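S.K.: What follows is each chain in one-letter form.
Protein chains: 4
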Amino acid sequence: MVIVMKLDATEKDIAKVEEKLAEHGFRAHLIRGVERIVIGAVGEKKREVVIDSLEMLPQVEKVVPIMSPYKLVSHTVKREKTLIDLGDGVVVGGKEIVVMAGPCAVENEENLCEVAEKVATAGAKVLRGGAFKPRTSPYSFQGLEEKGLEMMARARERTGLKIVTEIINAQDVPLVSAYADILQVGARNMQNFTLLKELGKQNRPVLLKRGLSATIEEWLMAAEYILSEGNYNVILCERGIRTFEQYTRNTLDVSAIPLVNIYSHLPVIADPSHSSGERRLVPALSRAAVAAGADGLLVEVHPYPEKALCDGPQSLTPQDFSLLMADLRKVALACGRTLTTADESAEGV
Amino acid sequence: MVIVMKLDATEKDIAKVEEKLAEHGFRAHLIRGVERIVIGAVGEKKREVVIDSLEMLPQVEKVVPIMSPYKLVSHTVKREKTLIDLGDGVVVGGKEIVVMAGPCAVENEENLCEVAEKVATAGAKVLRGGAFKPRTSPYSFQGLEEKGLEMMARARERTGLKIVTEIINAQDVPLVSAYADILQVGARNMQNFTLLKELGKQNRPVLLKRGLSATIEEWLMAAEYILSEGNYNVILCERGIRTFEQYTRNTLDVSAIPLVNIYSHLPVIADPSHSSGERRLVPALSRAAVAAGADGLLVEVHPYPEKALCDGPQSLTPQDFSLLMADLRKVALACGRTLTTADESAEGV
Amino acid sequence: MVIVMKLDATEKDIAKVEEKLAEHGFRAHLIRGVERIVIGAVGEKKREVVIDSLEMLPQVEKVVPIMSPYKLVSHTVKREKTLIDLGDGVVVGGKEIVVMAGPCAVENEENLCEVAEKVATAGAKVLRGGAFKPRTSPYSFQGLEEKGLEMMARARERTGLKIVTEIINAQDVPLVSAYADILQVGARNMQNFTLLKELGKQNRPVLLKRGLSATIEEWLMAAEYILSEGNYNVILCERGIRTFEQYTRNTLDVSAIPLVNIYSHLPVIADPSHSSGERRLVPALSRAAVAAGADGLLVEVHPYPEKALCDGPQSLTPQDFSLLMADLRKVALACGRTLTTADESAEGV
Amino acid sequence: MVIVMKLDATEKDIAKVEEKLAEHGFRAHLIRGVERIVIGAVGEKKREVVIDSLEMLPQVEKVVPIMSPYKLVSHTVKREKTLIDLGDGVVVGGKEIVVMAGPCAVENEENLCEVAEKVATAGAKVLRGGAFKPRTSPYSFQGLEEKGLEMMARARERTGLKIVTEIINAQDVPLVSAYADILQVGARNMQNFTLLKELGKQNRPVLLKRGLSATIEEWLMAAEYILSEGNYNVILCERGIRTFEQYTRNTLDVSAIPLVNIYSHLPVIADPSHSSGERRLVPALSRAAVAAGADGLLVEVHPYPEKALCDGPQSLTPQDFSLLMADLRKVALACGRTLTTADESAEGV
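Chains as they are written, first to last, in our numbering: chain A, 278 to 626; chain B, 278 to 626; chain C, 278 to 626; chain D, 278 to 626.
Just so you know, the hints here were simulated from the structure itself, not pulled from any lab data.
Here the structure is a predicted model, which means the values were calculated and not measured.
There could be a bad hint or two in this list.
Any copy will do: because identical chains look the same in the list, a pair fits if it lies in one copy or spans two.
Said to hold, decoys possible - Listed below are the simulated DSSO-like cross-link pairs for lysine-lysine, each with C-alpha atoms no more than 27 Å apart in a straight line:
{"#": "1", "residue 1": "293", "residue 2": "584"}
{"#": "2", "residue 1": "339", "residue 2": "283"}
{"#": "3", "residue 1": "355", "residue 2": "478"}
{"#": "4", "residue 1": "372", "residue 2": "607"}
If we strip away everything but chain A, and leave its shape as in the complex, we get (with noise of 0.2 Å):
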């Protein structure tokens, strides 16, 4: 890091800064400039502890890290990316796109059975389904918790999709992790770092979605929690940050998706839905997203959403759906990546 000192800093207040990262076993390097003086500090040892220490120091006017604070999910630490295997052919961050499809809420099992077919076919992979719902009133719809569990793995077995659902509780670990192949946490709680440290317990993937107001190095700093316990297997969601703008509920940062690719070896998917809040935006926004190089999609199917009991405003019929997978097809295609059809797997193409 480098520490620039205040104009009238003294002799004094310089080795008072070099005492304490020598006290940190830094090194300390003076460059004497035209008007300030500036300290290069050299060391192995973690720096989040002499930081703040430092700033307190008489005369040091700030403190500028070098480096970025993720380790474990850098791509400087790992250069390929890294792949999560779901199981019978299903992998995140390879070639394929993968979509994950499905109501935001589970609500009844012939609903979900009904849309889990026609997203099947229609060529997504993963169902998506919330069986924990957080809601910002207290009296909305709060989810059917176990017994919605149960749906999506019926579901599951009738479809050979892969399901997805969000946990909110570090308690629900085992209970989540007995239904689901890929725990989602939520926006809301991605700095929830009890539940962050037990995902990082087990091996079960995750799909960290971005907070609202989460810079990128915070995201990936909350990952980092998770693969400093031990598990790799996360995916990162961008599903849009809140800005001034009206017209959307979120602004989806399609920058995030590139920046993702540059500092970290984690795939990254988007979620349309939530970042738009609305169903005719969800197509244009799925397309960007995959031309920005997004591993997956997360998508809000519902067979009638005018019925739905949460976001039915953002959710796309199974016909829309089934459109939109015929259009993002070809968009993968121009992109190097591939996006393949119920049919088309059937065949073997």
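For chain A, the structure is supplied; the task is to place chains B, C and D on it using the hints.
M.R.: Relative to chain A, chains B, C and D alone:
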């Protein structure tokens, strides 16, 4: 609520909306405008269920809610300000400004007691200190946990200060409430609904920090979660929101203070330390918050900020804090509030 | 519009609102809800004048506008997409993706012509280059002014490319339009209403960048300023908005592209260079914008980015640009659009 | 500045950076860290020119500026606070809080004089009122232009108040400065550099509002434009920034006040009316701004807010304003400032 139809809505489209409203127990009032038809919906039912499905109907442009979504926290439900009585004459929400001060994290008993005695002398009524620390990096100091709570309790015994400390897990409610006078919910947990519900099922006062990117409405809805389970002892705490500005860690939204006072009966305090991340700003922001109508403050004070294990740069020294309290007292009096110091209380002034 | 009365509004308060509405030529429709009264206002008059004064009446809680404030730019006024014909078969808003490329600032004729020839060969149809540069610092390079315009004109002669260049002052409209095929309004001038009106009084096409913190509605209103003076030749350009994210200079709001396509008949392009500030992101963002439905792109290309007088880090080399165009062509075709290269046009493909 | 090299930078890459630095008159200091090499660059030259080109060199990760980009506005250049003397004892930046009050727009002479007399009696020293109004919609009231300036001048004659009014075009500087004591640059024009330069070439005091999405650094750089042309009479005005919060029109960034006081010698005032858009918040925000160290306030007052042609909802009545001034006086005194009312000044108190 008001349903706005699209320009080319037909009588049939309108009939569908009326039908859907009737189904949910609402009466429809048609207004035929020059260009467009809007429908006013009147009823006593919960609107959450119906809004989403209305927006899915063909030719519905948008649905505009008329009522705010919170009920129990609302000023329209309870006109008089809620007083949170912590015992021994310490009341949050009354005429007296209640200042809560102490270190970001509890590090060792000696430092804690030193700072506790000093802030008590300067007029603080509550000791703050974190035993469970949610940190962005898994490599940062994570708190002393129960050992820290015990130290807080011993500092209370020695000084008579009440104690406020953060809780980060729903399952820790019994543990933390065995020690703390106020249970603090951090910004990152503002929408940890499991935690909120658990806190609603007991009666210990809760200090609910505003999320980094939470709107005031979402913040009040988070409080509604606690009240809806039966606990009305909630103190709101504005602690800065995330914006594009880079000279401060967060932007203290000082308008949130009068807004909470307009829309809710709950007391509201401000955290000038976390909102700025810089001790040089703490005095000005503290004065501003009191002048804007805050019922109290949450201020970081550390005896040796340059040695603090977390957030040193935003901590005041006990001497700085003492000077700040003298200034704040003048501002409080100028605004028709009081802020008594230890000496004064002893003298019964 | 809909006027929401406060809970304790009396009949007298309501009468005042009705009177005020009548005064402005609106008819009032009362809806007596369970808790509250709302009033629908119907009329053909401009609502801008009446809204503010209604909100001042006693017991009016808020006024909710029903109609969007823009008229001439709206899709409801003109259904078919506006085509901006630049001559010689270059049309913005049609099936062909129009790519505008070149240096941030015009620096010298040699570099400009070199880059112009290369981008023309790669398939660009318009040459971009700034002669008037609005810079954050008064100490930064401010542009070559008219000399720069002359160089642009000579580059046009040599390559057949159209030219787009920024205009920053209302009084420069005659000067800049004597040279440019498209007059660009930068993000900082999006609400320079004097400039917008002046541009509305002539017929040269205008490329209107979205302001750094402008909502889509404000951006469309800025376009409305130009159309309302008589010039319908407006191209909108999404160039990133300001958010809390720090890994990019701005956040490309890719949703703005389909939203403009829904709400307006004007063509919309994207600027992947300014929105990210990083050349490593330009290819992914360019593909994303085209996949989202953009009618074109504005890309920075510099023959020697490391010697550029401004914005080098976001400039592509001509070689990078050429590769990007080949990729974009595939994405365009996958989305039902075209993107011809120089060779192809020559061959009439 | 400090140049951070990429992990795999070679000696040749480093040599290139050193060469580029030498070329621009900087000396290079190498620091070989455990993982990475960083280079400190020391020199007296303007860094703006070199930063961009350094970032383009192969294997340069990033360039970290050490110095802030502003010079003349900086506290390090001029330690003592700048006083803006408006004549007749009205000085902005001294001990006295200077309140500027009046209608958003000048509408007619009668109203203007009525409000001018009332605010003067209540203690305002400057009359505000817009003759040129930048409006989001081309269909909104745009101001009375020179006729409005004349009315302002006559109100000054009658009351002795100084006048502040907005200027929106560089070519209007002679016209507006013929009437106004302070020339106001609105938020939308904060980066209208042509206007700023023109204002720098004359000596009339300038009130520079912060842009809606301007960082404090950009705001100070905008002031630098004026100072760099020779006019040091600049008053900064915090007027709220754009955030995701929807209960207020903008978010008053109260931290900007102490930050300007730390980084610059220029006086800073606050606009509680535009920042909130709601008159119910004006008293609390006014008190907060003064308590945070503002040198003055810009407050909207209209004799008949419900009839105002613009921004009625945020205007105080003269009676409200008079009460506010009494409150503010107490807060000012509590903070070691003064705020005299007309009566007091008359009596020489």
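S.K.: Next step is simple, just say for each hint if it's right about the structure.
M.R.: Status of the hints after comparison with the structure:
{"no.": "1", "hint": "293 / 584", "verdict": "between (67 Å within a copy, 13 Å between copies)"}
{"no.": "2", "hint": "339 / 283", "verdict": "both (8 Å within a copy, 23 Å between copies)"}
{"no.": "3", "hint": "355 / 478", "verdict": "within (21 Å within a copy, 47 Å between copies)"}
{"no.": "4", "hint": "372 / 607", "verdict": "both (14 Å within a copy, 17 Å between copies)"}
Of the hints listed earlier, there is not a single one the structure fails to meet.
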